[in-house]
Structures are given as structure tokens and as C-alpha cells.
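There are 2 protein chains.
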Amino acid sequence: MDRRVFLTSLGALGASPAPRGGIVLNEDSNHYFSSRAGQRLSASEVSAFVDQYAGTQVRDLFFNVNAMRAGFPSKTRTSFVDGYEPKGPDSQEMFASVSAAEAKGARAWVHQAWQLRQDGIDVYALWLERARKHKIGAWVSVRMNDLHNVDDERHYLHSAFWRTNPELRRVPYRQEQRDRALDYLHPQVREHNWKFIEEVAARYAFDGMELDWMRFGFHFAPGREAEGAQLLTEMHRRLRKLLGPKRRVAVRVPSRPETAQRLGMDAVAWAREGLVDIVTPTNFWRTVDNDMPIGLWRRLLPSAVTLCAGLELGLNAFPGSVAAGGRPFQTNSIETVRGSAAAYLVQGADRIYLFNYMDSQTAMDDNSTYPDLLREAGNLASLRGKARRHVVTYQDTWAPGEKAAYKLPIEAEAGRWFAVRQPVGGGAASARVAIRVGVRGADASGWEVRCNGARASFERVETELKPGPNTPIYRYAVPLTSEEAVIDIRPASAGRVEWMEVLVEPT
Amino acid sequence: MDRRVFLTSLGALGASPAPRGGIVLNEDSNHYFSSRAGQRLSASEVSAFVDQYAGTQVRDLFFNVNAMRAGFPSKTRTSFVDGYEPKGPDSQEMFASVSAAEAKGARAWVHQAWQLRQDGIDVYALWLERARKHKIGAWVSVRMNDLHNVDDERHYLHSAFWRTNPELRRVPYRQEQRDRALDYLHPQVREHNWKFIEEVAARYAFDGMELDWMRFGFHFAPGREAEGAQLLTEMHRRLRKLLGPKRRVAVRVPSRPETAQRLGMDAVAWAREGLVDIVTPTNFWRTVDNDMPIGLWRRLLPSAVTLCAGLELGLNAFPGSVAAGGRPFQTNSIETVRGSAAAYLVQGADRIYLFNYMDSQTAMDDNSTYPDLLREAGNLASLRGKARRHVVTYQDTWAPGEKAAYKLPIEAEAGRWFAVRQPVGGGAASARVAIRVGVRGADASGWEVRCNGARASFERVETELKPGPNTPIYRYAVPLTSEEAVIDIRPASAGRVEWMEVLVEPT
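Sequence order for the protein chains is A and B.
Under the working numbering, the residue at position 268 of the first sequence is numbered 268, and the numbers go up by one with no gaps.
Under the working numbering, the residue at position 55 of the second sequence is numbered 55, and the numbers go up by one with no gaps.
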């Protein structure tokens with residue numbers, strides 16, 4: 001085999017890196033049913049859903065086809081509409097465990113799913129086809145251990161397999177949410193999910209399949225994850241064989257390599273064995289993680305593997321944090337996504353993966369900028385010259401027995417220095433940079449604030465920043481050109497720091 | 001070039017991995033002077049110091065030749081004995097800043113160093129020669145930023161360069177210990193240290209040189225470490241050129257790859273560029289780190305690079321922890337070193353690096369087992385079948401602005417589960433395993449303790465365990481065969497958990 005042929009065949013096997021940049025977007029399995037509830041939809045209206053992503057930076061659309069139940073009439077597991085009586089009341093058996101208000105909403109989207117099925121419309125099949133027409137990568141995404149509403153054993157989202165096999169759960173001696181996940185150490189659990197994978201692979205025409213191990217990220221009895229990792233690697237070997245050389249494989253895994261491995265999701269091993277083409281480290285849900293070790297991932301993964309930085313929709317500073325206006329949860333805005341994306345692209349991410357960034361409902365608090373987001377977030381070139389915010393958040397996924405470390409809140413004491421580090425993507429020489437610090441219970445205007453050693457100067461107090469904290473925000477100007485900011489503060493008085501960010505604005 | 005020749009030349013370049021196993025031992029620059037103070041030593045007595053390591057698992061002896069001052073008469077920096085008046089009193093100018101008691105001890109060891117110099121004895125040169133005779137690797141180790149006693153500007157350990165250049169320190173706006181380290185962003189600092197390296201390389205005949213970046217581990221202004229990393233990498237390029245193809249290079253760096261990089265010590269980059277042959281991740285000082293990500297390091301480093309797990313002498317559970325008997329500090333014992341070593345060898349460490357494990361004074365609290373330690377700790381085969389203790393400790397080195405995470409203490413609440421994960425080296429199927437939990441302020445005999453899901457049974461209360469906590473210890477029996485233990489506990493009452501360990505005993 002001469003060198004040229006050898007390189008060509010490597011390319012055919014997916015071993016040559018794809019060009020950098022672009023967005024992967026995940027559309028979940030029932031957002032469409034829910035957001036379009038009450039409408040009677042035609043096949044062409046369903047297909048047209050994809051058109052909003054054409055001509056943007058979205059290179060791949062990942063259509064999620066299941067939670068615990070399947071989004072299509074499955075032969076291997078319960079489907080969303082199984083047990084639904086279209087002529088029954090909202091209070092019918094399927095919805096008996098939830099409140100009247102939830103039952104009304106649930107019934108509406110389940111009815112939509114039912115109606116589409118009655119009309120012979122498979123939304124995922126139509127979308128995959130339309131994506132290919134637009135030359136957008138057409139993927140299916142399979143959630144491997146969804147746990148929505150497991151605190152309610154009778155909830156309408158649950159599969160019969162999960163309901164009837166409580167002995168297959170990962171922590172039988174306790175009943176917290178993640179304890180109720182199915183334990184892949186059990187061959188029945190692996191087989192149940194494998195059969196579904198086979199079914200999806202046979203049912204749909206796609207460019208690639210994602211196994212979404214981050215829904216919900218816990219797959220093994222605590223402490224037995226090393227054994228478990230072997231089993232998941234074996235499952236990925238089967239998947240590669242099943243899909244063959246032309247269809248690609250993606251995975252979502254926890255944001256830090258060590259935690260991923262300690263949860264049994266050894267994405268580095270999968271990648272080095274050639275079993276996966278795209279790896280997406282990500283937080284689980286409540287907030288984007290703005291301090292994932294993307295550079296470390298890049299070093300660990302073969303260069304042929306595409307590394308996506310996984311961005312969740314939420315933007316929340318610490319567990320239990322309260323957002324501007326007293327809300328328990330807030331989402332990113334286009335400025336904060338720009339911050340996350342810029343930092344990760346600088347650190348070596350190939351692409352930005354948007355999860356829960358949908359076109360309505362599960363969407364940014366201000367979704368009017370959604371079209372812009374899809375045209376900016378995937379490339380440094382399109383991010384350049386635009387205001388961006390680098391917000392300190394937290395990591396929400398830890399292996400059992402790992403010590404969770406949250407940067408905020410900080411109980412500041414008078415005269416006692418504290419420091420927080422935040423990647424900021426560098427290249428801020430021609431920009432105005434400000435540090436924002438949200439403080440409860442103190443006037444921080446006279447605090448000594450330094451950024452990478454340079455003394456910052458107090459500018460003003462801001463309020464009602466969105467997204468932002470439910471505290472006054474003290475804003476300080478500072479020069480900054482490094483890739484990371486170490487914000488070093490000596491408080492003049494005691495207070496509780498609930499928010500920190502670096503704002504980079506074009507001059 | 002045929003395959004055989006190719007492999008041979010690779011070997012000559014140090015690219016073929018050395019066989020696994022063995023111990024690296026670091027002897028610090030003044031321990032010998034101090035521990036032999038008051039004796040008049042001959043050259044052969046000095047050389048004989050090395051003999052205790054012959055016939056053990058010690059494959060390499062790293063002779064440290066400096067702190068901030070040099071241990072030999074240096075042309076490029078202050079030496080230990082500079083300014084010493086052999087006929088002067090203990091209270092002479094050199095020791096004027098310390099207490100009378102400290103001055104007496106200091107003067108005794110400085111006098112020993114002076115006397116040896118008077119007698120024409122260079123201890124490091126003799127040791128290097130003797131080590132080679134024993135076919136033990138003969139190394140010099142250079143501390144790159146030592147900070148002993150920097151809270152006292154006039155202390156007798158300080159170099160003139162440090163004393164007279166306060167503007168070259170890394171955090172000029174603050175005066176904590178690590179703030180006073182020299183900042184390698186300044187070319188004068190790099191040149192000062194580079195000239196010393198050249199001097200050491202010219203003065204001594206050695207197999208390799210270690211740059212000990214973990215004395216004391218902080219080399220750059222906060223937030224500017226990415227720039228700094230480039231400079232240290234450049235220094236390592238110079239070092240490789242200086243030493244040529246036959247002399248090897250080792251480094252000590254922080255225990256986690258990301259923290260090492262964020263402190264400007266990018267050992268992975270050095271290794272991938274072929275600039276270093278041995279990499280030793282390690283804690284700084286107060287305790288051995290029993291949860292270093294050695295498997296992650298192994299994946300990041302080229303296989304030709306020897307990975308040492310760096311073990312510090314101390315064994316302490318958390319910052320401020322109090323040891324058995326009320327002591328503020330305690331050391332490892334042979335059983336706890338066995339635990340650390342076994343776990344790290346299983347995780348892929350090539351060798352065990354002992355720091356501060358010297359033959360007296362800076363030594364294990366019970367150093368009667370020192371000869372056994374040197375014959376056991378470097379290989380799984382010699383560790384097998386012996387009792388070992390896997391103690392939960394903490395990581396003492398964090399980049400500025402990183403969130404430090406300590407597993408202990410835990411303020412346990414009645415009914416509220418908590419979990420701690422500890423690597424245990426696996427292979428405990430034919431052993432008796434016990435969990436030990438040190439609890440203050442509660443009777444934990446009735447607590448629900450689980451290990452990797454299995455219910456542990458309370459055995460008894462132990463007291464005065466050494467090393468151990470200053471609390472009663474509750475001991476529970478449990479089966480265990482995994483490489484990691486997740487100890488999951490539901491307290492029956494509130495208490496403060498100050499110690500956790502997994503004991504593995506042969507049956």
C-alpha cells in the first residue's frame with residue numbers, strides 16, 4: 001500500500017480530523033411535541049423545523065429520540081404515548097400521579113405525539129432527512145439512563161422496565177434521584193439498552209449516533225465503576241461494529257476526565273481504541289460549567305477525535321444560588337455563551353455543543369438572540385469584537401466520594417484575601433475589561449481588587465444584571481491580556497460573594 | 001537503517017522505557033550536616049552514608065545540593081556557610097534573627113558544613129561516586145525556588161540574591177510565604193537559577209539532574225502562569241542541550257496535571273517534547289497525597305517517560321488536623337507507605353519516589369522499619385501479603401484561584417449520608433479489610449457504614465492508633481475487591497469525622 005492510498009483509507013475510517021469550528025445542537029425528544037402542542041401539523045411543517053438551522057454555524061443536529069421512554073413506537077421499550085387514552089380526561093390513569101396542572105400540560109404534548117403517530121409522521125425521520133438536505137450532519141442521540149421524575153414511581157415518563165425492576169437500580173439501599181438510575185453492572189440493563197440502540201440504528205437513516213451518557217450520568221453502584229467502565233467500553237465496541245465504518249459515534253461525558261473515568265465513562269479509552277469520533281465533556285444540568293479542562297481533554301484525545309465543549313443552558317453560580325429577581329434558575333444570554341465559547345475554542349475545543357438551547361420553552365431567558373447565537377458561537381472569528389461575559393459557575397457532576405469543590409459563595413472576611421480563577425479566552429488587549437463582583441451584606445466599593453496582579457479601579461454599582469445575582473454588583477475596571485484571570489480580593493468588610501465575572505467589551 | 005539499529009539508537013536516546021518498579025530517594029542538601037553535627041567525619045565515613053541504600057529497591061539517589069543557598073562553595077549564589085565565623089559565638093551576626101535555641105542548632109550544622117569544606121570534603125561528589133559504584137543511579141537535584149523561613153527576611157538560610165531583590169518576588173502586594181517566591185517572569189530570576197544549574201552541571205559527575213519545581217512550587221505572578229510556562233519550557237530546552245544525550249532529566253511537579261499547568265509547570269509539554277525522562281507528581285509537604293491521578297498522568301506522558309509517584313513524609317488528614325497524642329504533625333509508617341505505594345503502582349506508576357524519608361531526624365516517627373521500607377515499597381511483589389493502610393489525606397498545592405477541596409473533616413449530621421472515595425490498590429480478595437473512621441463527639445458504633453455498597457459490620461473502638469487521629473476510631477469489617485473504595489456512611493448522630501482509612505491485612 002503506498003502512502004497516498006494509506007492516507008485515503010485512514011480518511012475513510014474517520015481518522016483525519018474534521019475542520020475546526022461550528023456548533024452541534026441537541027434537540028430533545030419531546031420539546032417539539034410540547035412546544036407545538038395543540039397544533040395539527042403536516043409532514044412538511046414538521047420538516048421545516050430544521051430549516052432555522054440551515055445557513056448557521058450548526059454543522060450537526062443531534063436528534064434525541066428517547067428519555068426513559070422512546071419518542072417513537074418502540075418494539076423494545078415503552079414509548080411516550082403507551083397507555084395514553086386520546087379520548088380520556090386529563091385525569092386518566094396515565095397522569096394520575098401528577099397534579100391537575102401538570103396533567104393538563106403533559107396530556108397536551110402526549111396527545112401531540114399520539115396525533116403525529118396517527119398521522120404517520122415520524123418527526124425524527126423527517127428531521128434527519130431535512131438535515132441531510134441542508135448538508136447538516138444528521139444524528140440520533142440516545143439517552144442512556146434518563147431519570148426525569150424518578151421520585152414519583154408512577155410518573156407517566158417512566159418505562160415499564162424501570163418500574164418493574166427496582167432491583168436493577170444502582171443504590172438499592174437509598175432513594176435519592178441518582179440512586180434510582182439503572183445499574184449497567186446488570187446484564188439485563190445493558191441488554192435492555194443495547195436492544196434499543198439496535199432498534200434505533202435499524203429504524204433511522206443517520207450520519208452518526210450519540211450515546212448520551214450524561215442523561216443522567218450515573219450508571220454503576222458506587223465504587224464499582226472501574227468494573228463498569230470495562231462493560232461500557234465493550235458496549236462501545238459493539239456499537240462500532242453495529243454502525244460500521246460509515247456511521248460515526250459521539251458521546252457526552254462528565255466535564256473532567258478523572259471524574260468521567262470514576263463514573264465508569266472512560267471516554268479517553270474509547271477514543272484511543274477508535275470507538276468514538278466526537279467526545280463532548282459537559283456539566284449535567286443546572287449550569288454551564290465555565291471551567292472545564294478542555295486543554296487537558298485535547299491532550300488526552302487522539303487528534304482525529306473531534307472535541308466539543310458541552311454548554312448547558314443554565315447559568316448559575318453555585319448550588320442553591322439565587323438569580324436576579326429572586327429566581328431559583330436563570331439561563332445564559334448570548335453574551336455569556338460568547339464568553340464560554342471563546343474560552344473553550346481558545347483552549348482547543350473543535351466545536352461548541354449546545355444542550356437545551358432549543359427554539360422555545362427550554363431556551364434562553366431572552367431567546368430573541370437565538371438566530372444570532374447560532375451564527376456566532378461556533379468560531380473565534382465570529383466572536384471577535386463582540387461583548388462577552390466570563391461568569392464563574394460550578395461543576396455539578398462528581399463521582400461518589402469525590403469532594404465537590406465550588407468556587408462560590410465566598411464568606412469574605414475583612415482583611416483576608418481570597419482568589420478566584422476564571423478562563424477568559426485571552427486576546428483582550430484591545431478591549432475594555434471589567435470585573436463584576438456580586439456581594440451581599442457589604443459595600444464592596446472600597447475593596448482592594450486585583451486581576452493578575454494589576455490593581456482594579458472601582459467604577460460603579462450595577463443592579464438587576466441579567467443574567468446576574470440577586471445582589472448589588474460592584475464593577476471594577478482592569479487591564480487584562482492573559483488567557484486566565486486570577487481575581488484576588490482583599491475585602492474591607494465582611495460580606496458574602498455570590499457572583500464573579502469578567503466582562504470583555506470591544507472599545 | 002534496519003529495525004534493530006533503529007531500536008538501539010532509540011534506546012541510546014532514552015526513548016525506551018526503563019523496567020518498572022523501584023524507589024527513588026531524595027536526600028536533602030543539609031540533612032547530613034545537621035544529623036551528623038558535632039562529629040568529625042572522614043571522606044570514607046561520608047561515602048559510607050550511601051551504603052545503606054545498596055542492595056535495596058533504591059534505584060536512584062537524588063542528592064539535593066541547595067535550598068535558597070548552595071550546599072557547596074558556589075560561584076553563582078550564596079552558600080550555607082557564607083558569613084559564618086567558626087570562632088564566633090552562637091549569637092553571631094549570621095544567626096542574629098533567630099532564637100538562641102535555633103541559633104545553637106543552626107550553628108552546629110553550619111559548622112559541620114564548614115568543617116567538611118575545610119577538610120576538602122564535598123559530600124555530594126563523594127555520594128555520587130559511591131552511588132555509581134553500587135550501580136545506583138547518581139543524580140543531583142536542584143531546588144528551584146526554596147522558601148524556608150522567608151517570613152524572617154534576615155534568616156541565615158537566605159541568599160543575597162533573594163534578600164536584595166524584593167522587587168523580583170511574585171506577589172509584591174502581599175507578604176504570605178508563597179508570595180515571597182522569586183518570579184521567573186523576570187529574566188534576572190531565570191538567569192540566576194540557570195547559572196546555578198550550569199555550575200552544578202560543570203561541578204559534578206552525575207547520571208541525571210532533577211529540577212525540583214516543588215520547592216516550593218510557586219514561580220509566577222498569579223494569573224500569568226501561562227506566559228510563565230513558556231519560559232520554563234524554554235529553560236528545559238536549554239537544560240536538555242546542556243546535559244546532552246547521556247545525562248537524564250527529572251522534575252517534581254504538583255500532583256494534578258491541570259494544577260501543574262496552572263502553576264506554570266507544564267510537565268506534560270516537557271515530556272512530549274522529549275525534555276524530561278522522569279516526572280514525579282507530588283504533594284508539597286504536610287502530607288502524602290493519597291489520591292493523585294496517577295492513571296491520568298500515565299495517559300498524558302509518553303511511555304518512554306518514567307512516572308514516579310511522589311510520597312511526602314507526612315501523613316495528615318486535613319489542614320489543621322491533629323494527630324494521635326495531640327501532635328500537629330505526624331509521619332507515615334511502613335504500613336501507610338505500603339498503602340500509598342501499592343495503590344500507585346496498580347494505577348501505573350513506574351516507581352515510588354520518597355521525599356523527606358531520610359535516615360534520621362527528617363524521618364518516619366518510627367524509623368526502625370526504614371531498612372524494610374527500602375526493600376518493600378518499590379514493587380507490588382514485595383508489597384503483596386503485607387498489611388497496608390490506605391489513609392484519606394489531602395492535596396496541599398493549588399494554583400491561585402483554584403478551589404481547594406479537602407475530603408475531611410466532615411461535619412456529619414444524623415441521617416444524612418456522606419461518602420468518601422479512596423484508591424486501595426485492589427486485589428484484596430484474600431485479605432481482611434476494615435474501614436477505620438475517626439469521629440469526634442459521637443458514638444459511631446451504630447452508624448450505617450457501607451463500602452462499595454456492601455454493609456460493613458462494626459468491630460470495635462480503637463484508640464491511640466499511630467499514625468492516626470486524636471479521636472476514637474471506629475472499626476468496621478467489610479468485604480472489598482475493587483481498586484477504589486467508596487465509603488458511604490449514614491450517621492446515627494451528629495459528629496465530626498477527622499479520619500478515614502481502609503486497612504488491608506493478609507489472612
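Heads up, some of the hints might be wrong.
If chains are identical, the list can't say which one is meant, so a pair holds when it fits in one copy or spans any two.
[Stated by the list, open to error] In silico EDC-like pairs for lysine to aspartate or glutamate, Cα to Cα no more than 20 Å straight-line:
hint	residue 1	residue 2
1	Lys403	Glu483
2	Lys403	Glu413
3	Lys246	Asp119
4	Lys386	Asp372
5	Lys403	Glu258
6	Lys246	Glu227
7	Lys133	Asp365
8	Lys195	Asp359
9	Lys241	Asp207
In short, the hints are calculated from the structure, not lab data.
Violated hints - listed by number, lowest first: Going through the list in order, the structure violates hints 3, 6, 7 and 8 and respects the others.
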